[in-house]
Amino acid sequence: MKAICLMAIFFAFSIIYFGLSFNIKNMNGNLYWNLVFLGFVDSVGFKMAIFVMGRLSRRLAVFLSMTIGVFFLVVLAIFQLTLDVSEFSTLFLVAALLGKFSSAITRSAARALAGESFPTSVRAMGSGLCGASTAFGGVVGAQLAYFGTSMILVCSESI
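For my numbering, add 1 to where a residue sits in the sequence shown, where the first one is 1.
Bear in mind the hints are in silico, worked out from the structure with no lab data behind them. Since the structure is predicted, the reported quantities are computational estimates derived from the model, not experimental observations. Positions of the beta carbon are idealized from the N, C-alpha and C atoms, including for glycine. There is no bait here: all hints are sound.
Pairwise CB distance ranges (calculated):
{"hint": "1", "residue 1": "Ser90", "residue 2": "Val45", "range": "16 to 26 Å"}
{"hint": "2", "residue 1": "Phe137", "residue 2": "Leu32", "range": "19 to 29 Å"}
{"hint": "3", "residue 1": "Arg56", "residue 2": "Lys3", "range": "16 to 26 Å"}
The whole structure should be built from the sequences, with the hints applied where relevant.
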């Protein structure tokens, strides 16, 4: 059961992490500055994870960072449904970057939690399963960037 929960955590943060990374090209503003901000948020998030895990337990760090990330992504979704993207592009970028920041903290804390959660005899297998769910979530997250562009429907008739 612990392995399934950790796999779900790894899958969820990789969808958010890679989804926001690949979707940064669709954000308003200069693409290069957006990438600079994205890299800065990642590097600060990874360093902040060390600080947070030093003060809190690994489980609590994962829980809080995922909760904060979901909060900012729900705020981003509400903004997208209610506000005009062209007028409030900075607000959209800040909400996306804060979601990415908390996802970076979750990524580091979840890896530390996975290393501590499995016994020594099955630690490699458990970490491998978590890595596989991360890869699958990364593939799904990268495809989410295309949901807003266009959709090709293939219709077929059977005679």
